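Novice: Chains as they are written, first to last, in the numbering used here: chain A, 9 to 356; chain B, 505 to 819; chain C, 1198 to 1496.
Note that these hints are calculated values from the structure, not bench results.
Take the hints with a grain of salt, since some may be wrong.
Unchecked claim - Under 10 Å between C-beta atoms, here's a sample of chain C residues computed to sit facing chain B:
hint : residue
1    : 1244
2    : 1329
3    : 1337
4    : 1342
5    : 1420
6    : 1425
7    : 1426
8    : 1437
9    : 1440
10   : 1441
11   : 1454
12   : 1461
13   : 1469
Here the structure is a predicted model, which means the values were calculated and not measured.
Using N, Cα and C, we set each Cβ at its ideal position, and we do this for glycine too.
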Amino acid sequence: MTDDRTLVTTPADEPDVVLDVRDAVRHYALRRRSLRDPRRSVHAVDGVSVQLRSGRTLGIVGESGCGKSTLGRLITGLETPTAGTIRVGTNGTPAAAAFGSGTVQAVFQDPASALDPRMTVRESIGEALGKVGRDERERRTDEAIAAVGLTPDLGSRYPHELSGGQQQRVCIARAIVDEPELILLDEAVSSLDASLQAQILDLLQRLQRNTGTAYVFISHDLRAVRQVSHSVAVMYLGQVVEQAPAEAFDRGLLHPYAVALRSTEPRILDDGAEPIERIVLRGEPPSAVALPPGCRFAPRCPIVEDHCRRIAPDLVEAASGHLVRCHKPGDLTLSGIGRAGAGTPAEA
Amino acid sequence: MLLYLSKKLAGAFGVLLVLSALIFFAGRGLVPGNPAAVIAGSKASPETIAAIEHQLGLDQPIYRQYLDWLTAAFRGDLGTSPISSQANIDVIAQQAPVSLELSLMGLLIAVVIGIPVGVIAANRSGSGTDLGIRVPLLIVFAFPAFVSGSAALYLATHYLTNLYSASYIPFSDNAIANLQTMLLPALAVGIPTAPLVTQMTRSSMIEVLSQPFIATAHTNGIAEWRIKYVYALRAALPPVLTLIGFIFGLLVGGLFIVEEIFSLPGLGRGVLDSISNRDFSQVTAQAIVMAAAFILGNLLVDLALPFVDRRILRK
Amino acid sequence: MPTIAERLPSHGVRLIRRWPVRGIVANIAVSLILLYIVLAVLGPYITPFAPNQVGAGPRLSPPSGDHWFGTDALGRDQLSRVVTAARPALLSAVYAVTFAFAIGTVIGISAGFLGGLWDGGLSRVVDLLFAIPEYLLAILVIAVMGSGLVNASLAIGIACIPRFARIARGSTLAIMERDFIDAARLCGRGGVWIMRRHILPNIASPLVIMTAINMSTAEGAYAALSFLGFGIRPPEADYGSMISSSQQYLLTDPWVVAFPSIAFVTLVLAFNLIGDVMRDHLDPRSRRGVSRFSASPTE
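Make the full structure from the sequences, and use the hints.
Specialist: Shown next as C-alpha cells:
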C-alpha cells in the first residue's frame, strides 16, 4: 500500500487522465407550492473540479447530503450535470456519451439491492458484457468470478443464497468484467461489518494493482477512504473544501471542517500518536436551498470571523497538490485551536 | 380543505368532459353506416334521407355535432331521440330514480351486512368463527346477480307472494308498494356485494389491531369492546370507504342484470333497450348520465374521506 | 437475446417453489378447474347427445336416467349443453384476462419505467378507463363491435386493463428504486432489456395473483353479458344465455335454470377460492389468520 502511494509523488511518466471534472454543477429544481413562489433549487453539486489518473484512487468524503453521491452519479453518467463538463476515459469522452459504453462501472452500497434477485450470479456478471459471443462471455465471467475470490460453484446461485460479502464480491465482479477505465465505489463497503470491509478493501486494491483501473471511492467513513485513496477530496454542501494527498490527512489538514471530520475518526488509543481533541461541530449544515452568503461552513465553524460570513473563499492551492477553500487555512489543527501558526500551512 | 375540494371537483369535471366525448363517439359507432338511412327506412328516397340528415345535424362534421351536443348538454338538453321522438332527458328522468333507489338500497344492504361481519371476522381472526364467516361469503360472492336474482324471483313468486309485488310504483306515489317491489331486487344487488365489504373491513381491521396504539389503549384500561368496535373500527374505515367508490361500479353492473330480471323500468334496462333499438341519441344520453352518477359517487367518497382520515388533506 | 420461453425453466422452478396455492380448499378449487378444463377440451366427444340437437328428448322433462340434467324447452339434453358450455366459459375468461394482462402490463411497466410525460399521459388514460363503470364500458364496447364470444371477451378485457396497468406500474416503481436497475443501465442495457429481463420477472408475483383474481371477475362478467344476450350466438350452449332463455320456466320447471346455474357458480367459486388465497398472499395485511384457510407457510 505504501509503495502505491509513493507512485503519486513520482513526476515521471504520469499515467493518463481518466476522469476530468470541471466546474460540475447539478441543481434539482424544487416543486413550487403555488405559482407565486420563487423558483428554487437544491444545489447538490455546486462547482466541483477534480481529476483522476489511471491506476489511482480518488476518495470523496463528507456528511450525508454533501453531494458526494450526486457527484458519483454525474461521473457514471446516470445523471447529467446542469453545468460544467465531465470527461471520462483516456480519450476524454463526455460522461453522458460514454454512459453504458463500459468505460465507467460502479459498485453500490447495498449489494442486496444492486443484484437482481431473479438472476443468477453468472447472469448478473454477464450483463456487463455487451456484444460478445457466448464462449467469450462464459470465459470472462469465469475469470471475473475467480478474480474476486468466489468459487465457481457460486455462479449458478441466486443472490439470496449468498452472504453479504459474497454479494458485494459479485457486484465487484460485474464492475470489473468488462475492464472499465474507471470504477465508482459509492459507499461500497459501508454496509459490511469491519472484518469484511477490510477483506473487500484489500481485494479492491489488489485488483487495482493488477488492472490499473482508476477508482472514485465515495464514503462517509474517512478511515476507509484514507486506506485506499491516493488523494482525498472533502466535500461540504456541494463544494470541495479541501483536496489533499492521503498522507496529508495524518496531520497537515488545513480546512476546519476537514480537521473536525478527521478528529472524530475512531482510532485505537495507545498507538503512540499525539493526543487528538475531538472537535464537535454544532448544528446542522445549512440547507442546500437557502445558502449563506459567505463561507458555507461559517455557521458551524469554530474559528469563524466576521468577513467569513460576508465573503465566500475560493479554492486555492496552499501547497503542491493541496487545495483548500478557507480564509484562515490551518488555524484549526488536530491538536486544538490556534496552536499552529496562523496562515502557515503545515507541510506533510 | 378548500384546495382539496377544488382539486377533486376539477378532476371529476375533466374526466366527465373527456368521457362525454368518448361516449358520444361510441354512440355514433352504434349504428353502422348512415343513421339517417336507418331511420328513414329502406324504401326512402335520397332526398328524404338528406332531409333527415339535415334535421338531425348529421350533415355537419362530427366534431361540430359533438360541440353542439355538448353546449346543449350544459343547458340540460341531452337531445331528442329520432327513433321515439321523445326528449332523452324526459326518458332519463323516468328511469334514473328507479336505478338510483336500487343502487342506494343495494349499497345500504351491502354495508349493513358487510361491515359488522367483517369486524367480527377480524376480531376473531384465525378462529373457527372467522372461517365459518369467510367460506359462506365466498360462496355467496360466486353467485352473480343474475343467478341470485333469478332464485330470489323464484322464491318470492312462490312463497312470498304477499311480500313481493311485480309492478313498479314510484316511491312518491306509494312508499310501501314501492318498497315491496324494490326490496328483492335490492337484495339481489346488495348481497353479492357484501362479501367485498366484509373482506376489506376484515383486512383493514386486522392491520389496525396490530398497531401500537391499540396496545396503548389496552394498557390504559379502556374497555375491550370499546377498543375493538369504536377505536379500531374508526381507524379501519378509510380503505372501506374507498372500496365503496369501487362498489358503485359493480352496482352499475348489477343494475343491468337485476332490472332486466325484475322488469324494472330503470336506466340499466333503458340502455339495453336503446342499444337494441339502435337509438344512438338516447344511449349516449343514458350512458353519460350513468357515468356522471358514477363519477359523482366517487367524488362524494373522496369528499367524505377527510372526515374519517384527516391525514388525507395534508398530502 | 434469449426469449421469455428460454428463460422459463429456471424461472418456472422458482414460481412453483413459491406456489402460493396450498391447503385443502385450494386443492379442491384447483381440481375443479382442472375438471372444467377437461370438459372444455373433451366436451363434444363425451356428451351423451349433440348439445344443439333439438328434440333429443321430450320438452322440459325433469332429470331422468336418459337425461341426467333433464331437457330444456326445445327438448335439448341439458347435461350435454352444460358440459359443452364449459368451453366458452373458460375461453372467455382466458381471452379477457390475457388481453388485459398483455395491454395492462405493457402500459404499467412502460409508464413506471419511462416516467415523465409518457407516464402522465398513460396514467390519465387509465384513470379515465377506471372512471367508467366496468359493465357500462363493456356494454358500450360490445354495442359498437357487436356481440359474440371474442368481442364480449375483448370488451371485458378492456374494462380490466386499468387493474393490471395500476398494479404493474406500482410494482415497477418499487423495483425502479433498486440499484440493479442503475447497474444494468451502466452496463449499457437498453430500456427494453431492462423491462423484460429485470422488471417483468420481479413483478411476476403480483401479476400472477392479479390474473387469478381477474379470472373469476372475467368469468362472471362474461356470463352476465351472455345472460343479456351479448355472448356466443345461439344456439351454442353458454351458461348465461342458458339461464336467461329458461328463466320463464323457472316457476314451473326449476331444473332448467338450476343446472346451468350450479355449473357456472361452481366454476366461479373455484376461481374465487384461488383468487382469495392468492390475494391473501399479495396483501400481507390479511396474511395473518388465514393459515388454516390457505395452509401456506409464511415465507
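Novice: Confirm or reject each hint.
Specialist: Evaluation of the provided hints:
{"no.": "1", "hint": "1244", "verdict": "23 Å, violated"}
{"no.": "2", "hint": "1329", "verdict": "6 Å, holds"}
{"no.": "3", "hint": "1337", "verdict": "5 Å, holds"}
{"no.": "4", "hint": "1342", "verdict": "8 Å, holds"}
{"no.": "5", "hint": "1420", "verdict": "6 Å, holds"}
{"no.": "6", "hint": "1425", "verdict": "6 Å, holds"}
{"no.": "7", "hint": "1426", "verdict": "8 Å, holds"}
{"no.": "8", "hint": "1437", "verdict": "7 Å, holds"}
{"no.": "9", "hint": "1440", "verdict": "6 Å, holds"}
{"no.": "10", "hint": "1441", "verdict": "7 Å, holds"}
{"no.": "11", "hint": "1454", "verdict": "6 Å, holds"}
{"no.": "12", "hint": "1461", "verdict": "7 Å, holds"}
{"no.": "13", "hint": "1469", "verdict": "5 Å, holds"}
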